[in-house]
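Engineer: Based on the hints, put chain B in the right spot on chain A.
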Amino acid sequence: MSDTKLPCDVAGKVNAICERHGNNPGELINILHEAQHLMGYLPEEMQRMIARNLGIPVSKVYGVVTFYAFFTMTAKGKYPISVCMGTACYVRGSEKLLDEFKRVLGIDVGQTTPDGKFSLDCLRCVGACGLAPVVMIGDKVYGRLQPVDVRRILDELE
Amino acid sequence: MKILTIGDLKAIRDRAAGKLQLREQSDLATDGRCCGLNIGTGHMQVLICGGTGCKASSSHIIGEKITGLLQEKGLSDRVDVVTTGCFGFCEKGPVVKIIPDNTFYTQVKPEDAAEIVEEHILAGRKVERLLYLDPKSGEHVSDSKHMEFYRKQKRVALRNCGFIDPENIEEYIARDGYKALADSLLGKTPEDVIDEVKRSGLRGRGGGGFPTGVKWEFARKSVSDIKYVVCNADEGDPGAFMDRSIMEGDPHSIVEAMAICGYSIGSSNGLVYIRAEYPLAIHRLQTAIAQAREYGLLGQNILGTDFSFDIEIRYGAGAFVCGEETALIHSMEGKRGEPTMKPPFPAESGYLGKPTNVNNVETFANIPVILTRGADWFSSIGTEKSKGTKVFALAGKINNVGLIEVPMGTSLREVIYEIGGGIKGGKKFKAVQTGGPSGGCLTEKHLDIPIDFDNLLAEGSMMGSGGMIVMDEDDCMVSVARFYLDFTVEESCGKCTPCRIGNKRLLEILNKITEGRGTEEDLKTLGTLGKVIKDTALCGLGQTSPNPVLSTLAHFHDEYLEHVRDRKCRAKQCKALLTYSIDPKLCIGCHLCAKNCPADAIMGDVRKPHIINPSKCIKCGMCMARCKFKAISVH
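In the order they appear, the protein sequences are chains A and B.
FYI, our numbering numbers position 33 of the first sequence as 128, with every residue one higher than the one before it.
FYI, our numbering numbers position 314 of the second sequence as 325, with every residue one higher than the one before it.
What the hints contain is simulated information worked out from the structure, not anything from laboratory work.
There could be a bad hint or two in this list.
[Stated by the list, open to error] Simulated crosslink set (DSS-like; lysine-lysine; CA at most 30 Å straight-line): (1) B:Lys630 <-> A:Lys197; (2) A:Lys173 <-> B:Lys120; (3) B:Lys515 <-> A:Lys197; (4) B:Lys579 <-> A:Lys197; (5) B:Lys542 <-> A:Lys212; (6) B:Lys190 <-> A:Lys155; (7) A:Lys197 <-> B:Lys435; (8) A:Lys197 <-> B:Lys627; (9) B:Lys523 <-> B:Lys506; (10) A:Lys191 <-> B:Lys630; (11) B:Lys346 <-> A:Lys171; (12) B:Lys523 <-> A:Lys197; (13) A:Lys197 <-> B:Lys639; (14) B:Lys583 <-> A:Lys155; (15) B:Lys542 <-> B:Lys579; (16) A:Lys235 <-> B:Lys76; (17) A:Lys191 <-> B:Lys346; (18) A:Lys155 <-> B:Lys523; (19) B:Lys435 <-> A:Lys191; (20) B:Lys147 <-> B:Lys190; (21) B:Lys346 <-> A:Lys108; (22) B:Lys579 <-> A:Lys191; (23) B:Lys523 <-> A:Lys191; (24) A:Lys191 <-> B:Lys627; (25) B:Lys515 <-> A:Lys191; (26) A:Lys173 <-> A:Lys108; (27) B:Lys641 <-> A:Lys191; (28) A:Lys235 <-> B:Lys515; (29) B:Lys583 <-> A:Lys197; (30) A:Lys197 <-> B:Lys156; (31) B:Lys346 <-> A:Lys155; (32) A:Lys212 <-> B:Lys641; (33) B:Lys365 <-> A:Lys197; (34) A:Lys171 <-> B:Lys190; (35) B:Lys120 <-> A:Lys100; (36) B:Lys209 <-> A:Lys191; (37) B:Lys120 <-> A:Lys191; (38) B:Lys586 <-> A:Lys197.
From a predicted model like this one, the values you see are computed outputs, not experimental measurements.
This is chain A alone, in the form it adopts within the complex (with noise of 0.2 Å):
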């Protein structure tokens, strides 16, 4: 892991949550959640820090953030997109919805674009199946969308 420094306002915002939650490693979910809020993503020192406040070995909080879908380690771009990879929003040709951003985007799933405006995720239902295939670009859904649909989108938000 390499070691790049945090902004000084986040490491303290990491600490006074790890405080917050007793350094309790049996809160180490809960601790990960928030922090990720800070910065959209737990880059290494933050883990490390957090390690450090728990008194457990970095390993450990690697070992869970990897874990867990819901944690990321890349930033994420300035408008997230995800696509909904729920069964109800394959069977209604989301797969063919995602290929098309990738194509689009020039970018894999998991990744952000070199600008840093877009990053493309799956994700699994948010439960908007009557508005399947579904995809979610921040806060907000799209509904019944189709590859054709999707440069048009992209240009929408450029």
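Structural biologist: Frame of chain A, contents of chain B only:
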């Protein structure tokens, strides 16, 4: 106010009953006539679905607009605007219901708010264009109870969803809420309660189908200073949203049931393990817990007894395996969600090594109503070995996508063709997948079997938590199996070899088949390897993960054979097996396809038939979607 006695509880119930009575009466019967403030109606209510699905279509803005308009007109005291949980009919959302005439408006948009207020609420004229159009009769249906979607449903676990304001504890109390808790604490021994639950025949709704009362009894018998009641709200099946809807629509039923469970097994500590991806459900649950504390229904010495109970929320972080109870417990302890061997069962040694009882959301939602209406009432619904009802998230290629609840024993045909309104676009039914990644696909010949735990298991599928995905002739069953395996491989925790490596091999073979490189030998390997994984994997996830492959292999063997022998995909889903071509007789040379082809694979002069270069074609289908002359075909 703090509720200290049963008298206090009754007083609140009586106070809130008026509002609810109007809703209950109109739910039972209306004369079909439209009500309006200007034509003599004294009081009206507007119920707006505030579930995740309808909110995604701006239902909250509709609510704000209607409230604003009513305020402008000084009618706020004559019309209540209530945000409810899910009505279930997600396909037609957002849903708005007007009481007392029980008019059910579908696909309402924020810009319809003014018309609903002016026309319906004031003038007493229904807004016809927003009424549900029955596809069979071609007529508008204004009352939901006359819709085919609702007619065969029986709402037990969902009894309050789409009916009460989930953020108002008094509306829940008015529906006999917390009565079961009060009756248990004040008049029954823990053994009485467990006995009632056992007699009801309730089985775990999370997928396993283990008798709930028996589970409680185990936890009761474990001797320990501390015990835990855990609600499993980590709904991981992709495409299923039963538990989320219950938490969003009726969170107090979970709070009440957990307290009852605590009393029965001798625990004062409740924990809800919920998906972090469910922000609205979390919010509603937090609100419900806070209100229950405020009213003294959680906390120290509930209703003046020596029973104390409180609930904390723990967040999941997106791991399907955490639906397995031992994995869930590890995750709550802040660790990787890896399962462990049973025994010891959580009832003996669970969270932090203490006896722990884990039940799923829908199981808990059934508890209060079983106790208020009795075990005999509950066990009169359903089949011999599966009592009560089951909630399903009906989705896929079906006309009426939504959340439904039917008595156990209802046939798949009734669910798909009556409640679900049949297959979308008049296509041919091919399969229905139940049980999510742990379940299997059932076919036409299974349509008339009564749905219950044992019947589905006997046919190679399972009840699971209630996901029900309908597929039509355009779905490739090999691809569907691959889709589920892809999910399992991603979600396997990696602890045991059969699941970690075996499923990966299954996926590789399926990929090979869908890419046109499969052999008949591969089909045999799929079958034997699948059975080995089933027999040897450590936990429920691994033991059920080959089900989608094995069931499709059994029921759609021809389709697999076509892929490996003829290199054909009849559903036209497996790209590697497809060829796109342009019919020179139909192509007018408009050049639209070439312009839209992302791979520059289409050539031709304007006004002359075009051709596709197969070596460049990436088979995205964009040309076919764009062509206005149906000149492009795929085979």
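Engineer: Confirm or reject each hint.
Structural biologist: Against the structure, the hints:
A threshold of 30 Å between alpha carbons decides the hint, and for Lys630 of chain B with Lys197 of chain A the separation of about 15 Å falls inside it, so the pair holds. Distance hint between Lys173 of chain A and Lys120 of chain B is fulfilled; the C-alpha atoms sit about 29 Å from each other, no more than 30 Å. With a C-alpha separation of about 24 Å, the suggested pairing of Lys515 of chain B with Lys197 of chain A holds against the 30 Å cut-off. Distance hint between Lys579 of chain B and Lys197 of chain A is fulfilled; the C-alpha atoms sit about 26 Å from each other, no more than 30 Å.
Between Lys542 of chain B and Lys212 of chain A the CA atoms are separated by roughly 46 Å; this puts the pair beyond 30 Å, and the hint is violated. Of the pairs offered as hints, the one joining Lys190 of chain B and Lys155 of chain A is violated, with about 45 Å between alpha carbons and a cut-off of 30 Å exceeded. The suggested pairing of Lys197 of chain A with Lys435 of chain B holds, with an alpha-carbon distance near 28 Å, which does not exceed 30 Å. Taking the CA atoms of Lys197 of chain A and Lys627 of chain B, the gap is near 18 Å; set against the 30 Å cutoff, the hint holds.
Proximity of Lys523 of chain B to Lys506 of chain B is assessed by CA-CA distance (about 26 Å); at most 30 Å being required, the pair is judged to hold. Between the alpha carbons of Lys191 of chain A and Lys630 of chain B the distance comes to roughly 10 Å, so the proposed pair stays at or under 30 Å and holds. For the hint pairing Lys346 of chain B with Lys171 of chain A, the CA-to-CA distance comes to about 25 Å; that is within 30 Å, so the pair holds. Simply put, Lys523 of chain B and Lys197 of chain A have alpha-carbon atoms about 22 Å apart, close enough for the 30 Å limit, and the pair holds.
Taking the CA atoms of Lys197 of chain A and Lys639 of chain B, the gap is near 26 Å; set against the 30 Å cutoff, the hint holds. The hinted pair formed by Lys583 of chain B and Lys155 of chain A fails the criterion: a straight-line CA distance of about 46 Å is larger than 30 Å. Note on Lys542 of chain B and Lys579 of chain B: the hinted pairing holds, with a Cα-Cα distance of about 27 Å set against a maximum of 30 Å. Note on Lys235 of chain A and Lys76 of chain B: the hinted pairing holds, with a Cα-Cα distance of about 20 Å set against a maximum of 30 Å.
A hinted pair counts as satisfied when its Cα atoms are at most 30 Å apart, and Lys191 of chain A with Lys346 of chain B does not qualify at roughly 36 Å. The straight-line distance between the Cα atoms of Lys155 of chain A and Lys523 of chain B is roughly 36 Å, outside the 30 Å bound, and the hint therefore fails. With a C-alpha separation of about 19 Å, the suggested pairing of Lys435 of chain B with Lys191 of chain A holds against the 30 Å cut-off. For the suggested pair Lys147 of chain B and Lys190 of chain B, the alpha carbons sit about 43 Å apart, so the restraint of at most 30 Å is broken.
Between Lys346 of chain B and Lys108 of chain A the CA atoms are separated by roughly 23 Å; this keeps the pair inside 30 Å, and the hint holds. A C-alpha spacing of about 19 Å is found between Lys579 of chain B and Lys191 of chain A, which places the hinted pair at or below 30 Å, so the restraint holds. At most 30 Å may separate the alpha-carbon atoms for a hinted pair to count; Lys523 of chain B and Lys191 of chain A meet this at roughly 19 Å. Taking the CA atoms of Lys191 of chain A and Lys627 of chain B, the gap is about 18 Å. The hint holds against a cut of 30 Å.
At most 30 Å may separate the alpha-carbon atoms for a hinted pair to count; Lys515 of chain B and Lys191 of chain A meet this at roughly 23 Å. Note on Lys173 of chain A and Lys108 of chain A: the hinted pairing holds, with a Cα-Cα distance of about 22 Å set against a maximum of 30 Å. Among the hinted pairs, Lys641 of chain B with Lys191 of chain A is consistent with the structure: their alpha-carbon atoms are about 20 Å apart, no more than 30 Å. As the CA atoms of Lys235 of chain A and Lys515 of chain B are separated by approximately 34 Å, the hinted pair breaks the 30 Å bound.
Of the pairs offered as hints, the one joining Lys583 of chain B and Lys197 of chain A holds, with about 22 Å between alpha carbons and a cut-off of 30 Å not exceeded. Proximity of Lys197 of chain A to Lys156 of chain B is assessed by CA-CA distance (about 45 Å); at most 30 Å being required, the pair is judged violated. Note on Lys346 of chain B and Lys155 of chain A: the hinted pairing holds, with a Cα-Cα distance of about 8 Å set against a maximum of 30 Å. A threshold of 30 Å between alpha carbons decides the hint, and for Lys212 of chain A with Lys641 of chain B the separation of about 37 Å lies outside it, so the pair is violated.
For a cut-off of 30 Å, the pair hint linking Lys365 of chain B to Lys197 of chain A is broken: about 48 Å separates their Cα positions. With a C-alpha separation of about 48 Å, the suggested pairing of Lys171 of chain A with Lys190 of chain B is violated against the 30 Å cut-off. Proximity of Lys120 of chain B to Lys100 of chain A is assessed by CA-CA distance (about 49 Å); at most 30 Å being required, the pair is judged violated. A hinted pair counts as satisfied when its Cα atoms are at most 30 Å apart, and Lys209 of chain B with Lys191 of chain A does not qualify at roughly 48 Å.
In summary, the hint linking Lys120 of chain B to Lys191 of chain A is supported, as the alpha carbons are separated by about 29 Å, within the 30 Å threshold. At most 30 Å may separate the alpha-carbon atoms for a hinted pair to count; Lys586 of chain B and Lys197 of chain A meet this at roughly 17 Å.
The structure does not agree with the numbered hints 5, 6, 14, 17, 18, 20, 28, 30, 32, 33, 34, 35 and 36 stated previously, though it agrees with the rest.
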